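Undergrad: If you want the building blocks of each chain, they are given just below.
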Amino acid sequence: MTTATLPTRRDEAWRYADMDGVARLGVAALDQWQLIDVAAGDSVTRCMVVGSDAPELHRFRVTLGEGARAAFFVTNRGANYTRVEIEVRLAKGAHFEFGGVTIGGGSATREFVTQVVHAEPEATSNQTIRAVHWNTGIGNFLGEIKVARHAQKTDAAQDFKGLLLEAGASANAVPQLEIFADDVKCAHGATVGALDEGARFYMMARGLDPAAAQRLLVQAFIGDAFVSLDDEAEREALLDTALSALEGAQL
Amino acid sequence: MLTITDLHATVGGGDNPKPILKGLTLHVPAGEIHAIMGPNGAGKSTLSNVLGGKPGYEVTGGSVEFRGQDLLALDPHERAAAGLFLGFQYPVEIPGVSNVQFLREALNSQRKARGEEPLSGGEFLKLAKEKAALLKMDMDMLKRQVNVGFSGGEKKRAEMVQMGILDPAFAVLDETDSGLDIDALRIVGAGINSIMRAPDKAVLLITHYQRLLDVVKPDKVSILADGRIVETGGPELALRLEAEGYDSVMA
Ligand SMILES: Nc1ncnc2c1ncn2[C@@H]1O[C@H](COP(=O)(O)OP(=O)(O)OP(=O)(O)O)[C@@H](O)[C@H]1O
Ligand SMILES: [Mg+2]
Numbered sequence: 018m019t020t021a022t023l024p025t026r027r028d029e030a031w032r033y034a035d036m037d038g039v040a041r042l043g044v045a046a047l048d049q050w051q052l053i054d055v056a057a058g059d060s061v062t063r064c065m066v067v068g069s070d071a072p073e074l075h076r077f078r079v080t081l082g083e084g085a086r087a088a089f090f091v092t093n094r095g096a097n098y099t100r101v102e103i104e105v106r107l108a109k110g111a112h113f114e115f116g117g118v119t120i121g122g123g124s125a126t127r128e129f130v131t132q133v134v135h136a137e138p139e140a141t142s143n144q145t146i147r148a149v150h151w152n153t154g155i156g157n158f159l160g161e162i163k164v165a166r167h168a169q170k171t172d173a174a175q176d177f178k179g180l181l182l183e184a185g186a187s188a189n190a191v192p193q194l195e196i197f198a199d200d201v202k203c204a205h206g207a208t209v210g211a212l213d214e215g216a217r218f219y220m221m222a223r224g225l226d227p228a229a230a231q232r233l234l235v236q237a238f239i240g241d242a243f244v245s246l247d248d249e250a251e252r253e254a255l256l257d258t259a260l261s262a263l264e265g266a267q268l
Numbered sequence: 006m007l008t009i010t011d012l013h014a015t016v017g018g019g020d021n022p023k024p025i026l027k028g029l030t031l032h033v034p035a036g037e038i039h040a041i042m043g044p045n046g047a048g049k050s051t052l053s054n055v056l057g058g059k060p061g062y063e064v065t066g067g068s069v070e071f072r073g074q075d076l077l078a079l080d081p082h083e084r085a086a087a088g089l090f091l092g093f094q095y096p097v098e099i100p101g102v103s104n105v106q107f108l109r110e111a112l113n114s115q116r117k118a119r120g121e122e123p124l125s126g127g128e129f130l131k132l133a134k135e136k137a138a139l140l141k142m143d144m145d146m147l148k149r150q151v152n153v154g155f156s157g158g159e160k161k162r163a164e165m166v167q168m169g170i171l172d173p174a175f176a177v178l179d180e181t182d183s184g185l186d187i188d189a190l191r192i193v194g195a196g197i198n199s200i201m202r203a204p205d206k207a208v209l210l211i212t213h214y215q216r217l218l219d220v221v222k223p224d225k226v227s228i229l230a231d232g233r234i235v236e237t238g239g240p241e242l243a244l245r246l247e248a249e250g251y252d253s254v255m256a
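Protein chains in written order, with the numbering used here: chain U, 18 to 268; chain G, 6 to 256.
Bound conformation, chain U alone (with noise of 0.2 Å):
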């Protein structure tokens, strides 16, 4: 199958794209799918760090057997745009779990984007996401969530939270829910906020200076995507590249 044409804004998955970046990408890339299967009962964790000084795209189809999981944890910190999506089709009491952080300044794009199928009953999903802003950079998730009509006990759960450092900067979350069966559990929740003054000072007061304090404050914010890793050096890991992420950001 090849993709003949770039993706337009019009396309719900690209509505808030970089299509420059997107056009350096070309037709060519957007036909890379990694494609991964997990055997009933298996389990795979990914961890990834993403984002350089070129465009980046990384495209996931993931297949669960029953009772089967995959868990990925990325830090997206693109100096350019970098979209990371996950295509996720999960059977009979399958587990997809999502940590995301999305962080810097500049101008750039930085995005996940997930569609999660229930194709079966009593499957469980759960996607945290993270975005972290400065300058004019923007971060979004567009997250989809199908679950089929038979797919009975579903649970599926999306979490985003943006923390824009300045004015200019800015977050995006689209939830996208198709519901068909009755007996389902939701739950999303979306917002966007800046950093609080109120413990900002009194980190100062206690002797951190604005960077360390800053520090601190986002590195709590984006610590629950990563709750869920039990790795602790991977969880540290990625942490550790998204604050780096912050030096030099506006206090």
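Warning: the hint list may mix true and false statements.
[As the list claims (entries may be wrong)] Derived Cβ-Cβ restraints for the label pairs, each shown as a range:
(1) U/Gln49 - G/Asp172: 55 to 63 Å
(2) U/Asp248 - G/Asp172: 36 to 44 Å
(3) G/Asp205 - U/Val244: 41 to 49 Å
(4) U/Leu268 - G/Pro123: 19 to 27 Å
(5) G/Asn21 - U/Thr22: 51 to 59 Å
(6) G/Asp80 - U/Ser261: 21 to 29 Å
(7) U/Thr22 - G/Ser103: 25 to 33 Å
(8) U/Met36 - G/Leu130: 50 to 58 Å
(9) G/Pro240 - U/Glu249: 51 to 59 Å
For the record, the hints were derived by calculation from the structure and aren't laboratory data.
Note that the structure is predicted; figures quoted are calculated from it, not measured.
C-beta: ideal position from N, C-alpha, C; glycine also.
On the provided structure of chain U, position chain G with the ligands as indicated by the hints.
TA: Frame of chain U; chain G with the ligands shown alone:
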């Protein structure tokens, strides 16, 4: 140690800043514990916040000299490193950050600013344990997130543990006694004495009640009303206030 001269300050920005401190003069030498009492809304917390450098408060006149330096020229974290500690009337909750991490970073930032070596993790924990024990606070509380889920009294006790760890030269304690039960009041009072009663230290103790002063025994007591110090005396002034109330004492 602290000399406040004809201090004027406003609160609330925008087009309509409200004058709160209206020519406040006060001298607190080393070795002294100086209690400040005064009616609600008189400007006691405002004084504390102005001394700490909280954003939103503007000094419109006067000066504050602290240990030979112009205090008002320093940023909040520099004031802390210079030896100033603010005990908050309403301590701030910081979700996602543990007391241990917060205080260790705070202490080491202060030490760095003073050209001292940082404490190692082990050294810090030993110090923290010692100070928690002094305030009879369970070490488990220190592992929890800063003030999150703490009761009103626990927050005040935690403030004093922080003070013990940071070991300031000068503490401004804003209603540290409010919210404390009878036993906690004695423990906190004794903690203040043990941490701050020294010839080279001093305290500004803001309170509404005699009961803390029974334990801490101030050298001087001043009444702050309508943004000024209107009367200064010895410990007997607090007893008179307790017996007669502000109206009759200030009449
Ligand atoms: N952000 C603000 N905007 C406008 N007015 C304010 C603001 N903050 C405080 N004030 C006012 O400033 C005055 C002094 O407040 P402050 O908190 O210093 O009083 P206080 O002496 O500490 O009182 P209390 O004993 O009740 O703690 C009050 O009238 C209060 O309403
Ligand atoms: Mg007050």
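Undergrad: Give a verdict on every hint.
TA: Tested hints:
1. For the pair glutamine 49 of chain U and aspartate 172 of chain G, the supplied restraint of 55 to 63 Å holds, since their beta-carbon distance comes to about 58 Å.
2. A hinted range of 36 to 44 Å for the beta carbons of aspartate 248 of chain U and aspartate 172 of chain G is consistent with their spacing of about 38 Å.
3. Range check, aspartate 205 of chain G to valine 244 of chain U: about 45 Å between beta-carbon atoms, so the 41 to 49 Å window is met.
4. One distance hint, 19 to 27 Å for the beta-carbon pair leucine 268 of chain U and proline 123 of chain G, holds here, with the actual separation near 22 Å.
5. Look at asparagine 21 of chain G against threonine 22 of chain U: about 57 Å separates their beta carbons, and that is inside 51 to 59 Å.
6. A hinted range of 21 to 29 Å for the beta carbons of aspartate 80 of chain G and serine 261 of chain U is consistent with their spacing of about 24 Å.
7. The hinted range of 25 to 33 Å is not satisfied by threonine 22 of chain U and serine 103 of chain G, whose Cβ atoms lie roughly 52 Å apart.
8. At about 53 Å, the beta-carbon gap between methionine 36 of chain U and leucine 130 of chain G stays in the expected band of 50 to 58 Å.
9. Checked against the hint of 51 to 59 Å, the pair proline 240 of chain G and glutamate 249 of chain U passes, with Cβ atoms roughly 54 Å apart.
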